[in-house]
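With the hints as extra help, turn the sequences into a complete structure.
Number of protein chains: 2
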Amino acid sequence: MNTIFVVGIGPGAYEKMTIEAARVLSDCDVIIGYTVYVDLVREHFPEKEFLTTPMRKEVDRCRLAFEEAAKGKRVAMICSGDAGVYGMAGLMFELSDAWPETEVKVIPGVTAATGGAAVLGAPLIHDFALISLSDLLTPWEKIEKRLLLASEADFVICLYNPGSHKRSDYLEKACTLMMQHKSPSTVCGLVSQIGREGEEYQVITLAELAKTKVDMFTTVFIGNSQTKCINGRMVTPRGYRYE
Amino acid sequence: MNTIFVVGIGPGAYEKMTIEAARVLSDCDVIIGYTVYVDLVREHFPEKEFLTTPMRKEVDRCRLAFEEAAKGKRVAMICSGDAGVYGMAGLMFELSDAWPETEVKVIPGVTAATGGAAVLGAPLIHDFALISLSDLLTPWEKIEKRLLLASEADFVICLYNPGSHKRSDYLEKACTLMMQHKSPSTVCGLVSQIGREGEEYQVITLAELAKTKVDMFTTVFIGNSQTKCINGRMVTPRGYRYE
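If you read the protein sequences in the order shown, they are chains G and H. Under our numbering, the first residue of the first sequence is numbered 1, with each subsequent residue one higher. Under our numbering, the first residue of the second sequence is numbered 1, with each subsequent residue one higher.
Treat the hints with caution; some may be incorrect.
Identical copies go unnamed one by one, so any copy, or any two together, can satisfy a pair.
Claimed, not checked - 27 Å max Cα-Cα, derived DSS-like pairs, lysine-lysine: (1) K142 to K228; (2) K48 to K71; (3) K145 to K173; (4) K73 to K213; (5) K105 to K228.
By construction, these hints were calculated from the structure, which means they are not laboratory data.
Here's what the structure looks like:
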């Protein structure tokens, strides 16, 4: 029985990886991943073999991992953040039927929601919903429905893939939908380059967020009705009483 | 300026802590936390001073951290999982106004949602909502509303605090609500003692989940309409096409 480890490397900085993830990468023969993520870990494991495939070649990347494992190599497939949150872990299990002699094991990591929350303050202290604005694999109508119902339920909402060159107006559309149920003065936060060089954050209102341009390296947080700005940080109360 | 580090230690096993969290604990003078979590890290940092407060004494615990920092000590306050997900990070920012000379810094960790997902397979690959069933600090009506709307939106749902001795019927009530919008055959998962001795998981249907008794060390996952059981693992597809 071979084992492929699907490893979440965290938001980017080596230190934000778990001890387990670092041990698994250190024990393996070959590290497979999307070019950008491989570049983030390469310097820390210089003696390893690295195999990369470009974006949108996810199926090829997963098959490559199974093929390398079938050769008897110890394989780690890396994802940024957590491999189980919009990551490769799902596709690896979906494809695993064709390789019954290989076991898939997921090593969890810090996802952008919690990594970004730590930079902003404490926006995710209460119930929250995580929604990707990318409509590459999900119909936009389904995304709209989730934005509306999550807003009506007064969830804190964290948005992944909030924008790109091709989808420059998606965040504005999402904010307009959320304002059907959330106040324009709702406290919101943006974090870009979490745990990497150039990390930046901003705390603004939902009305301001609707007019903000973001790139694919940004994670967006929309507060619930209780979320506050405390000394420039975004904080959602859990409900503890104190005077 | 003093700094208090609010550190997520992950699900429990030392290896599931980030490298950064371990460094911060190793660099501090005093580690403060709820008794159970302090016991999880004590053996790895035997030379540190440890201060504990019992459950439901969260405000006291946070004030203790500020008081210790004011004495000039380097303070780490620990939480299980991620300190920013139902953790102490929020309350620390809320109380920080009274200690303007102290900065609060959050060190993210692996929360039970992603830690448990890795054990089950890949249930959180698509949009999901995280809901706590504890009504200690949140009115039950608000929890009900969130369960209903999140189900209507076809989110994968992850439940924290799904039950205890006092709240033994809450999970059943929650499942009945979710079945207003989700099929009784929806694939669900349970993980208990994530990353600790006695870790166990189960993949069952939503109808079966409604009849299951759980304790406070269990995290519960309810799939979306696409979630599958593949070789006994719970897997939510992202939507990649393959033949």
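Which hint numbers doesn't this structure obey? 4
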